[in-house]
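Asker: Work the whole structure out from these sequences, hints included.
Number of protein chains: 2
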Amino acid sequence: MGNLDQTLSENIRIMAVVIADICHRSTLQMASPVNLTRNQFTILKVLSTEGDFQISDLARLLDISNAAISKNIDRLAQLDLVARQTKPGDRRSLDIILLEDGMKILREFDRILGEKQEHLMDQFSIQEKENLLDLVKRVITFTLAEEQDTELICLQCGGNCGDTCVIDSCKGLCSLPEKKISLRQSVGAKQGSSDWSPDKK
Amino acid sequence: MGNLDQTLSENIRIMAVVIADICHRSTLQMASPVNLTRNQFTILKVLSTEGDFQISDLARLLDISNAAISKNIDRLAQLDLVARQTKPGDRRSLDIILLEDGMKILREFDRILGEKQEHLMDQFSIQEKENLLDLVKRVITFTLAEEQDTELICLQCGGNCGDTCVIDSCKGLCSLPEKKISLRQSVGAKQGSSDWSPDKK
DNA sequence: GTTTAATGTTAACTGAGTTAAGTATCGACC
DNA sequence: GGTCGATACTTAACTCAGTTAACATTAAAC
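Here the protein sequences come in this chain order: A and B.
Residue numbers for the first sequence follow our numbering, so the first one is 153 and each next one is one higher.
Residue numbers for the second sequence follow our numbering, so the first one is 153 and each next one is one higher.
Treat each hint with caution, since some may be false.
The list treats identical chains as interchangeable, and a pair is accepted whether it falls inside one copy or across any two copies.
Pairs of lysine to any residue residues, derived as SDA-like cross-links and limited to a Cα-Cα distance of at most 25 Å, are as follows [what the hints assert, rightly or not]:
hint	residue 1	residue 2
1	Lys223	Thr201
2	Lys223	Pro240
3	Lys268	Arg244
4	Lys281	Pro185
5	Lys268	Asp173
6	Lys256	Gln158
7	Lys197	Asn155
8	Lys289	Leu156
Think of the hints as simulated: they come from the structure by calculation, not from any bench.
Small disclaimer: the values here were computed from a predicted structure and weren't measured.
Answerer: Structure representation (structure tokens):
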């Protein structure tokens, strides 16, 4: 029944855009008093997970250059969201640490997302949720299996999904910070064309 | 059962990123011999739907400036994917028309997406698909209802889902080209920070 | 026939990325 | 202990896709 396949595929794609684009953007806008780019937000999110992160770690994780991270940290530091802290052992390295104001934005983001999620989840019975979860997991794993570039930071779980995460490459960040090398080779945060900057209109 | 809610929400978000980001990017890269930005691809996609489109229509639809559209059309015209055609009635206006090479890219994109989709759909029984469709539609409508900025071009259906489209504001484009004014107020294609440009590494 | 509005292009600018060069520190080796 | 290469970060110059503002050209209104 090709038509069902078609409709379902389309609706899955629409859902993806709605969640990954519209919902994320609006939540971030609500959560933060200042405009943050997607990458700046991702940096905060990474810093909120366990482990120490330096400029080059962040560059590797977000797959952008050290120079770009450095500039983003300038911006975030200027907003008092993060700070550079020289490492005791090695005076070349800097640990980037998340400050209270940065945490506040993340907490607010999670709170808003949590609220939206709560309302959404109220729609479904437990049976339906379990059903949907199973189907969603299968969509994810199957879709990723078809792709070459499957490394990414999902970070949707706040770094605590551990071994239950469906994303193989995520597990490193979620539960094993020491494995943080070379995640997300290709879910690039490349030079910008369109969607993810703060709205300036 | 808060934990199920949490897990399900996370997995929905992960699925969204996987589909909207990774899958779209890789498909576009496979489909097009030249690097197209997300907006350039969206322009092609819009042009492939029914109706005549001028610079200002496209600007309104993508929510970027006339000047930006003009430059994008320069680029697409230089690649022989589209052409400017002076309108008989009004010599100020230009109809932007999709050329064969442009259509070829769209066809190839759809073909690849169709293939991926076919494999994915093989995973599910008809019962499961109907189930999933229902749940997905509810996620979409509910999520959109919570958002203020719900205007968007989804264009996932290729412009032919008509009244069955779950996206109210989409219907204009899918089935009623004359309503093409002011779709997508805010699913911005704003100045760029991060993800959607062709990969230059 | 002149003024006003609409359409599209050009020019100057912005912001977030890039690469390449520069600075400082560390570790190793003679 | 001094030099040399590697590592970590920053700075500078550039690119690219947006922006706004000024400018042609054409159409419409009075």
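Asker: Of all the hints numbered above, which does this structure not satisfy? Sort the numbers upward.
Answerer: 3 and 4
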